[in-house]
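Visitor: Sequence:
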Amino acid sequence: MNRISTQVRSWASMRPSLLACSCNTSTNAIYSTSSSTLLSRRTLSSSSACRSTPNNAPPYVYTSLPTRSLLRIGGEDVDKFLQGLITNDVARLRSRPTHALYAGVLKADGRALHDLFIYPSPTPSPSWTYLLDHPTEVSDSFRKYLKRHILRSKVKLAPTASTTEHVQVAWKPRKGEDAPPDLEVEVDRLALEAEEWLQANKALRDPRDGSMGWRWVAEQVPPPKLFQQVTPPYHHLHRLLLGIPEGQADLASLPLEGNLDFLGAIDFKKGCYVGQELTARTHHKGVVRKRQVPVRLFREGEDVPEELYPTYSTLKPYPELFPLPPPGSSLTPPSVIGTKAAPRHTGRLHSTLPIVTSSGSSFALGLATIRMDKLSPDAQNGGVFVVKAELKEGEEQGWGAGESEMEGERWFAKAFLEEGGWLSRGLRKERERKGGDE
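Here my numbering runs 127 ahead of the position in the sequence shown, where the first position is 1.
I should point out that these hints are in silico values taken from the structure, not numbers from a laboratory.
Some hints here could point you the wrong way.
[Claimed, not checked] Here are the simulated BS3-like cross-link-like pairs (lysine-lysine), alpha carbons at most 30 Å apart as the crow flies:
| id | residue 1 | residue 2 |
| --- | --- | --- |
| 1 | K234 | K397 |
| 2 | K501 | K556 |
| 3 | K561 | K412 |
| 4 | K396 | K561 |
| 5 | K397 | K207 |
| 6 | K283 | K412 |
| 7 | K352 | K329 |
| 8 | K397 | K561 |
| 9 | K412 | K329 |
| 10 | K556 | K234 |
| 11 | K274 | K397 |
| 12 | K234 | K396 |
| 13 | K207 | K412 |
| 14 | K234 | K299 |
| 15 | K271 | K329 |
| 16 | K396 | K274 |
| 17 | K352 | K271 |
| 18 | K501 | K299 |
| 19 | K207 | K299 |
| 20 | K329 | K207 |
| 21 | K281 | K234 |
| 22 | K299 | K541 |
| 23 | K271 | K207 |
| 24 | K412 | K281 |
| 25 | K234 | K561 |
| 26 | K271 | K397 |
| 27 | K329 | K283 |
| 28 | K412 | K397 |
| 29 | K271 | K281 |
| 30 | K234 | K352 |
| 31 | K397 | K501 |
| 32 | K412 | K299 |
| 33 | K352 | K207 |
| 34 | K234 | K501 |
| 35 | K541 | K561 |
| 36 | K352 | K283 |
| 37 | K501 | K541 |
| 38 | K329 | K299 |
| 39 | K541 | K396 |
| 40 | K396 | K281 |
From a predicted model like this one, the values you see are computed outputs, not experimental measurements.
Work out the full structure, taking the sequences as your base and the hints as a guide.
Guide: See below:
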């Protein structure tokens with residue numbers, strides 16, 4: 128039985144030239160990486176412009192994030208109010224004035240509700256103190272949630288006054304291949320100029336990881352000599368390469384499963400806040416059985432990828448290139464498939480993104496929350512999982528959803544844990560801390 132959807136039939140029948148990179152040279156070259164072979168799902172044609180890696184590109188790239196919205200909050204009791212709702216300490220905004228504050232908002236049972244960034248208001252006044260950068264898709268529910276907790280507190284809420292104010296992000300792209308030493312010096316000089324511009328325009332460093340760059344709220348357009356504008360999917364790609372979550376699709380059930388502790392979003396020494404009990408108890412006494420990690424998706428019958436992404440290749444995000452399993456799809460070790468025992472889900476898929484390389488090949492990355500014992504070197508599955516979408520009542524199966532049991536139609540995910548990366552460092556420190564407590 129043919130399960131290939133009309134959309135995918137159309138995509139598969141398109142001429143390669145229609146799928147070739149339409150970007151200009153500098154835009155496509157910002158994700159130049161460094162070494163080996165590529166496991167490709169599809170091969171697309173690619174122009175020479177897309178394959179080239181210019182050495183004269185600006186030191187920073189930037190984009191606005193339409194998936195994030197802003198809410199103004201202020202009033203006499205605003206610090207006390209936020210302190211009782213978020214996982215982080217509002218006082219850090221004063222102790223680290225160059226950094227934004229990243230935090231989680233939890234339900235009373237300790238489950239994650241939203242993630243958010245907090246910025247000092249660009250125009251501080253007695254009325255407005257902070258800007259809350261939160262997912263656009265939950266703007267209404269997030270505002271209602273805050274209003275329910277205000278009660279008699281002297282706190283005011285309002286959307287941003289200006290329709291042109293929006294969240295912008297900037298970061299350093301990965302370096303190209305073998306740039307001449309004199310050019311490296313010039314790039315470093317321009318990078319310093321770019322950072323001076325960011326600071327002058329009240330940009331704040333992203334506190335999750337140094338490679339995430341800067342965030343700011345402004346109407347100014349950065350100078351093109353220092354900043355190259357890219358589309359929002361490049362920021363999604365940048366996050367996936369680093370394994371960093373953002374937004375509702377990447378929100379794990381529990382804040383520690385989503386690595387909010389490793390990303391500096393939780394202060395375990397502050398006072399009480401909604402959902403604190405389970406979070407604090409798990410941190411001090413319990414075991415975090417699942418963690419969020421980056422995964423690479425591939426089809427049954429393809430070789431298991433040996434690396435998260437192909438090095439020595441330019442990467443370009445292509446969100447609509449081909450359908451992928453939706454967020455919330457279950458991950459199950461392959462060993463249970465075909466057995467009489469009911470498969471036990473060991474993880475959940477979060478956001479995903481199709482990507483095209485400079486050679487015209489394509490693959491897909493994502494984030495997934497997975498049981499840590501299934502990621503150990505001794506695990507029989509070798510970090511590979513079957514991806515299966517959960518069908519809603521009355522919903523039909525279709526190619527790309529990941530639910531088919533037909534040979535060759537199943538999606539798989541290979542999890543990767545970068546040695547020396549922020550997640551590996553966090554896990555090592557956690558083991559050392561738990562070992563010292565015993």
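Visitor: Decide, hint by hint, whether the structure agrees.
Guide: Evaluated hints:
Straight-line distance between C-alpha atoms of K234 and K397 comes to about 18 Å, which keeps the hinted pair within the 30 Å bound. For a cut-off of 30 Å, the pair hint linking K501 to K556 stands: about 20 Å separates their Cα positions. With a C-alpha separation of about 8 Å, the suggested pairing of K561 with K412 holds against the 30 Å cut-off. Simply put, K396 and K561 have alpha-carbon atoms about 17 Å apart, close enough for the 30 Å limit, and the pair holds.
Using a Cα cut-off of 30 Å, the hinted pair K397 and K207 holds, with the two alpha carbons roughly 12 Å apart. A hinted pair counts as satisfied when its Cα atoms are at most 30 Å apart, and K283 with K412 does not qualify at roughly 38 Å. Taking the CA atoms of K352 and K329, the gap is about 19 Å. The hint holds against a cut of 30 Å. For the hint linking K397 to K561, the alpha-carbon distance of about 20 Å falls within 30 Å, and the restraint holds.
At roughly 40 Å between alpha-carbon atoms, K412 and K329 are farther apart than 30 Å, so this suggested pair is violated. Restraint check for K556 and K234: satisfied, since their Cα atoms lie roughly 27 Å apart, inside the 30 Å limit. Annotation: proposed proximity of K274 to K397 holds, straight-line Cα distance about 23 Å (limit 30 Å). For the hint pairing K234 with K396, the CA-to-CA distance comes to about 19 Å; that is within 30 Å, so the pair holds.
Proposed proximity of K207 and K412 is supported: the alpha carbons are some 28 Å apart, at most 30 Å. Between the alpha carbons of K234 and K299 the distance comes to roughly 35 Å, so the proposed pair goes past 30 Å and is violated. Pair hint K271 plus K329 holds up; C-alpha atoms about 29 Å apart against a cutoff of 30 Å. A C-alpha spacing of about 26 Å is found between K396 and K274, which places the hinted pair at or below 30 Å, so the restraint holds.
As the CA atoms of K352 and K271 are separated by approximately 43 Å, the hinted pair breaks the 30 Å bound. Taking the CA atoms of K501 and K299, the gap is near 34 Å; set against the 30 Å cutoff, the hint is violated. Only pairs whose Cα atoms come within 30 Å are accepted, and K207 paired with K299 is rejected, the gap being roughly 36 Å. Taking the CA atoms of K329 and K207, the gap is near 25 Å; set against the 30 Å cutoff, the hint holds.
A threshold of 30 Å between alpha carbons decides the hint, and for K281 with K234 the separation of about 23 Å falls inside it, so the pair holds. Between K299 and K541, the direct Cα distance comes to roughly 27 Å. Compliance with the 30 Å bound is thereby established for this hinted pair. In summary, the hint linking K271 to K207 is supported, as the alpha carbons are separated by about 18 Å, within the 30 Å threshold. Taken as a hint, the K412 and K281 pair is broken in the structure, with Cα atoms around 37 Å apart against an allowance of 30 Å.
Annotation: proposed proximity of K234 to K561 holds, straight-line Cα distance about 26 Å (limit 30 Å). Only pairs whose Cα atoms come within 30 Å are accepted, and K271 paired with K397 is accepted, the gap being roughly 25 Å. The suggested pairing of K329 with K283 holds, with an alpha-carbon distance near 23 Å, which does not exceed 30 Å. Between K412 and K397 the alpha-carbon distance is near 18 Å, which keeps this suggested pair within the 30 Å criterion.
The straight-line distance between the Cα atoms of K271 and K281 is roughly 16 Å, inside the 30 Å bound, and the hint therefore holds. With a CA separation close to 45 Å, the supplied pair K234 and K352 exceeds the 30 Å bound. This hinted pair does not check out: K397 and K501 have alpha carbons roughly 33 Å apart, beyond 30 Å. Between K412 and K299 the CA atoms are separated by roughly 39 Å; this puts the pair beyond 30 Å, and the hint is violated.
Among the hinted pairs, K352 with K207 is inconsistent with the structure: their alpha-carbon atoms are about 43 Å apart, more than 30 Å. In summary, the hint linking K234 to K501 is supported, as the alpha carbons are separated by about 28 Å, within the 30 Å threshold. For the hint linking K541 to K561, the alpha-carbon distance of about 28 Å falls within 30 Å, and the restraint holds. Of the supplied pair hints, the one linking K352 and K283 is violated, its CA atoms being roughly 40 Å apart against a limit of 30 Å.
The straight-line distance between the Cα atoms of K501 and K541 is roughly 11 Å, inside the 30 Å bound, and the hint therefore holds. For the hint pairing K329 with K299, the CA-to-CA distance comes to about 18 Å; that is within 30 Å, so the pair holds. A hinted pair counts as satisfied when its Cα atoms are at most 30 Å apart, and K541 with K396 does not qualify at roughly 36 Å. For the hint linking K396 to K281, the alpha-carbon distance of about 25 Å falls within 30 Å, and the restraint holds.
The structure shown violates the earlier hints numbered 6, 9, 14, 17, 18, 19, 24, 30, 31, 32, 33, 36 and 39.
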